[in-house]
Amino acid sequence: MTHWLSMGGYWPYLWPSYLLTLLVVVLNIFFARRSLREARAEVRRRLQMQRSET
Amino acid sequence: MSAPEPVSALKAGSMLVRRDLRLALRRPGEWLQPLVFFLVVTTLFPLATNPELSRLRDMAPAALWVAALLSSLLALELLFREDGQDGTLEQLAVSGLPLAWLLLAKTCVHWLLTGLPLVLVAPLAATALGAPYASIPGVLAALLLGSVALSLIGAVGAGLTLGLRRGGVLLALLVLPLAVPVLIFGARATALAIALEPMAAPMYLLAAIAVLSATLAPLAAAAAVRISLE
Amino acid sequence: MNWVWFHKLGSPPHFYRLAGKMLPWFAWPALLLCVGGTYGGLVLAPADYQQGDGFRILYVHAPAAWLSVMVYSAMAVYAAVGLIWRINVAHALAASCAAIGASFTVVALVTGSLWGRPMWGTYWEWDPRLTSELVLLFLYLGYMGLRSAIDDTARADRASAVLAIVGAVNVPIIHYSVTWWNSLHQAPSVMKFGKPTMPASMLIPLLMMLLGFTLYFVAIMLVRARGEVLRRERNAHWIAAAAEET
Numbered sequence: 001m002t003h004w005l006s007m008g009g010y011w012p013y014l015w016p017s018y019l020l021t022l023l024v025v026v027l028n029i030f031f032a033r034r035s036l037r038e039a040r041a042e043v044r045r046r047l048q049m050q051r052s053e054t
Numbered sequence: 055m056s057a058p059e060p061v062s063a064l065k066a067g068s069m070l071v072r073r074d075l076r077l078a079l080r081r082p083g084e085w086l087q088p089l090v091f092f093l094v095v096t097t098l099f100p101l102a103t104n105p106e107l108s109r110l111r112d113m114a115p116a117a118l119w120v121a122a123l124l125s126s127l128l129a130l131e132l133l134f135r136e137d138g139q140d141g142t143l144e145q146l147a148v149s150g151l152p153l154a155w156l157l158l159a160k161t162c163v164h165w166l167l168t169g170l171p172l173v174l175v176a177p178l179a180a181t182a183l184g185a186p187y188a189s190i191p192g193v194l195a196a197l198l199l200g201s202v203a204l205s206l207i208g209a210v211g212a213g214l215t216l217g218l219r220r221g222g223v224l225l226a227l228l229v230l231p232l233a234v235p236v237l238i239f240g241a242r243a244t245a246l247a248i249a250l251e252p253m254a255a256p257m258y259l260l261a262a263i264a265v266l267s268a269t270l271a272p273l274a275a276a277a278a279v280r281i282s283l284e
Numbered sequence: 285m286n287w288v289w290f291h292k293l294g295s296p297p298h299f300y301r302l303a304g305k306m307l308p309w310f311a312w313p314a315l316l317l318c319v320g321g322t323y324g325g326l327v328l329a330p331a332d333y334q335q336g337d338g339f340r341i342l343y344v345h346a347p348a349a350w351l352s353v354m355v356y357s358a359m360a361v362y363a364a365v366g367l368i369w370r371i372n373v374a375h376a377l378a379a380s381c382a383a384i385g386a387s388f389t390v391v392a393l394v395t396g397s398l399w400g401r402p403m404w405g406t407y408w409e410w411d412p413r414l415t416s417e418l419v420l421l422f423l424y425l426g427y428m429g430l431r432s433a434i435d436d437t438a439r440a441d442r443a444s445a446v447l448a449i450v451g452a453v454n455v456p457i458i459h460y461s462v463t464w465w466n467s468l469h470q471a472p473s474v475m476k477f478g479k480p481t482m483p484a485s486m487l488i489p490l491l492m493m494l495l496g497f498t499l500y501f502v503a504i505m506l507v508r509a510r511g512e513v514l515r516r517e518r519n520a521h522w523i524a525a526a527a528e529e530t
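Residue numbers (the working numbering), protein chains in the order written: chain W, 1 to 54; chain A, 55 to 284; chain C, 285 to 530.
What the hints contain is simulated information worked out from the structure, not anything from laboratory work.
Glycine is no exception: its CB is placed at the ideal position from the N, C-alpha and C atoms.
Misleading hints may appear alongside valid ones.
Said to hold, decoys possible - A few chain C residues that face chain W, going by a derived Cβ cut-off under 8 Å, partial list only:
| hint | residue |
| --- | --- |
| 1 | 328 |
| 2 | 331 |
| 3 | 340 |
| 4 | 344 |
| 5 | 345 |
| 6 | 383 |
| 7 | 388 |
| 8 | 401 |
| 9 | 490 |
| 10 | 507 |
| 11 | 510 |
| 12 | 526 |
| 13 | 527 |
Claimed, not checked - What follows is a list of derived Cβ distance ranges for each label pair:
| hint | chain 1 | residue 1 | chain 2 | residue 2 | range |
| --- | --- | --- | --- | --- | --- |
| 14 | C | 401 | A | 254 | 35 to 41 Å |
| 15 | A | 64 | C | 287 | 21 to 27 Å |
| 16 | W | 34 | C | 326 | 29 to 35 Å |
| 17 | C | 292 | A | 262 | 42 to 48 Å |
| 18 | A | 63 | C | 425 | 34 to 40 Å |
| 19 | A | 69 | C | 306 | 23 to 29 Å |
| 20 | C | 304 | A | 170 | 32 to 38 Å |
| 21 | W | 22 | C | 467 | 31 to 37 Å |
Stated by the list, open to error - Some chain A residues well away from chain C (every beta-carbon gap over 10 Å; in silico):
| hint | residue |
| --- | --- |
| 22 | 80 |
| 23 | 86 |
| 24 | 94 |
| 25 | 277 |
Required output: the full structure, derived from the provided sequences and hints.
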């Protein structure tokens with residue numbers, strides 16, 4: 001197992017690469033979903049304001 | 055009041071050129087600033103390293119082109135600002151005449167006032183950076199083509215950022231990546247010229263970019279200006 | 285040819301619903317392919333003859349680089365469609381591409397640099413591919429900067445569309461000029477990876493990762509695009525129902 005983790009000595013380059021990629025993958029998912037949530041919330045707010053005006 | 059008689063695109067273009075030149079010459083100081091900036095930046099390079107001419111010669115193409123690029127970016131502020139603010143651009147856009155052609159005319163004047171002086175002063179700057187006298191025609195030719203391309207490409211950026219606050223930095227960010235090929239071929243041509251070697255290859259590529267810019271950039275700039283004026 | 289489907293896609297409520305329904309069909313296969321590809325790349329593929337286990341960075345670097353270029357192209361196409369046919373959904377799709385494209389360009393640069401370090405000794409060489417990626421990053425940042433500088437969404441959509449198209453036309457020119465420049469100076473370029481001579485055990489995980497990341501991009505884009513479409517439909521009746529979902 002440690003042999004595999006050491007990746008023939010290249011581990012300081014390989015694992016940070018994979019971890020960075022994973023991080024960016026996760027962050028993109030998070031921010032995309034948040035963007036949609038915020039868009040929906042904004043619509044709800046606006047509709048509420050319109051209803052309370054009429 | 056009778057309707058003005060229709061004017062051909064060619065006539066309109068030349069009227070616009072004459073008007074722009076007249077307006078610019080009323081405020082010469084403004085138009086000299088990019089030139090001074092070019093000289094200042096060129097001076098910074100030897101100050102930042104080694105004043106030995108033989109060493110400077112290696113850096114000369116880079117210094118000349120970076121200075122020219124930055125100076126042309128600054129000068130772009132002057133292209134559409136006044137006419138954008140006082141409504142002239144809007145008049146041009148609704149005039150029924152081809153906007154791309156009119157903007158090409160404006161860009162030509164702009165280049166005459168900001169790009170051409172740079173090219174004329176370049177021999178001075180180049181020699182100060184160690185370039186041999188025999189290299190000057192080559193240096194001039196490369197900067198001539200390059201400055202034309204830069205003005206045209208810059209016009210697109212200026213159209214997109216018309217009227218935006220703090221548009222200057224954004225303009226630089228938009229234009230610089232697009233200017234990379236001009237920089238690469240231009241600097242290479244200049245380096246070959248300074249080394250007194252044949253410089254045909256990069257010059258052909260630079261010329262190709264200049265021609266491509268002259269045909270396509272005004273169209274993109276016209277689209278950009280129309281969008282910005284809506 | 286029946287173009288009804290094209291016009292329906294341009295209808296915001298239809299697109300909103302469709303994007304929501306299609307999402308799992310992209311997200312789950314993406315997950316499976318990426319997990320499978322990662323396992324294949326890290327465990328199953330044999331070590332490279334020259335580069336040893338170091339070559340395995342390819343399995344994240346290649347998809348990131350592929351994404352950076354493909355997403356920009358997609359963005360430019362959506363932008364052009366939005367500009368020419370004045371379709372808001374297309375503008376929404378273009379806007380949804382920028383963040384993911386830029387972030388994966390950064391991944392491509394960092395992984396490329398990390399790959400280069402053991403291979404040619406320094407973290408950065410002005411290798412033509414990495415330099416082109418860097419200029420591409422600047423193009424993305426310019427696009428995002430222009431969008432954020434313009435308050436009016438319609439103007440922002442159309443101005444950034446022009447910029448995306450101009451950028452797309454320039455990308456091949458920039459790439460050519462950078463490659464040309466690099467060849468003059470014979471800087472080392474280690475990125476030439478012998479693809480035709482790659483055995484299946486190395487190639488299959490790579491293809492899985494490339495496809496998986498592509499599907500992942502579509503999934504992310506669909507999520508973002510739904511929000512962007514909502515933002516552009518200020519007063520339409522259908523958004524009331526859409527907003528009630530969570």
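How the hints compare with the structure:
Taken as an interface hint, residue 328(C) does not check out: its beta carbon lies about 12 Å from the nearest beta carbon of chain W, beyond 8 Å. The closest approach between the C-beta of residue 331(C) and any C-beta of chain W is roughly 6 Å, which is under the 8 Å cut-off, so the hint is satisfied. Because the closest C-beta pair between residue 340(C) and chain W is about 6 Å apart, less than 8 Å, the hint holds. The interface hint given for residue 344(C) holds, since its Cβ lies 4 Å from the closest Cβ of chain W, which is under the 8 Å cut-off.
The criterion of a C-beta within 8 Å of any C-beta in chain W is met by residue 345(C), whose closest approach is roughly 7 Å, and the hint holds. Nearest Cβ of chain W to the Cβ of residue 383(C): about 7 Å, under the 8 Å cut. The hint holds. Residue-level restraint check for residue 388(C) holds (minimum Cβ-Cβ distance to chain W is 7 Å; threshold 8 Å). About 6 Å separates the beta-carbon of residue 401(C) from the nearest beta-carbon of chain W, less than 8 Å, and the hint is met.
Checking residue 490(C) against chain W: minimum C-beta separation of about 14 Å lies over 8 Å; hint violated. Taking 8 Å as the C-beta cut-off, the interface hint given for residue 507(C) holds, the closest approach to chain W being about 4 Å. At a threshold of 8 Å, the smallest CB-CB gap from residue 510(C) to chain W is about 5 Å, leaving the interface hint in force. A distance limit of 8 Å between C-beta atoms decides the matter here; for residue 526(C) the minimum to chain W is near 7 Å, and the interface restraint holds.
Nearest Cβ of chain W to the Cβ of residue 527(C): about 4 Å, under the 8 Å cut. The hint holds. For the pair residue 401(C) and residue 254(A), the beta carbons lie near 39 Å from each other, so the given range of 35 to 41 Å is met. At about 41 Å, the CB distance of residue 64(A) to residue 287(C) disagrees with the hint of 21 to 27 Å. Taken as a hint, the range 29 to 35 Å holds for the pair residue 34(W) and residue 326(C), whose Cβ atoms sit roughly 30 Å apart.
Checked against the hint of 42 to 48 Å, the pair residue 292(C) and residue 262(A) passes, with Cβ atoms roughly 43 Å apart. One distance hint, 34 to 40 Å for the beta-carbon pair residue 63(A) and residue 425(C), holds here, with the actual separation near 37 Å. Separated by about 55 Å at the C-beta atoms, residue 69(A) and residue 306(C) break the suggested range of 23 to 29 Å. Residue 304(C) and residue 170(A) have their C-beta atoms about 58 Å apart, which leaves the hinted 32 to 38 Å range violated.
Look at residue 22(W) against residue 467(C): about 35 Å separates their beta carbons, and that is inside 31 to 37 Å. The Cβ of residue 80(A) lies farther than 10 Å from every Cβ of chain C, with a closest approach of about 31 Å, so its non-interface assignment holds. With a least beta-carbon separation of about 29 Å from chain C, residue 86(A) lies farther than 10 Å from that chain, consistent with its non-interface assignment. No beta-carbon of chain C is positioned within 10 Å of the beta-carbon of residue 94(A); the least distance is around 25 Å.
With a least beta-carbon separation of about 5 Å from chain C, residue 277(A) fails to lie farther than 10 Å from that chain, contradicting its non-interface assignment.
In summary, the structure is inconsistent with hints 1, 9, 15, 19, 20 and 25 from the numbered list given earlier, while agreeing with the others.
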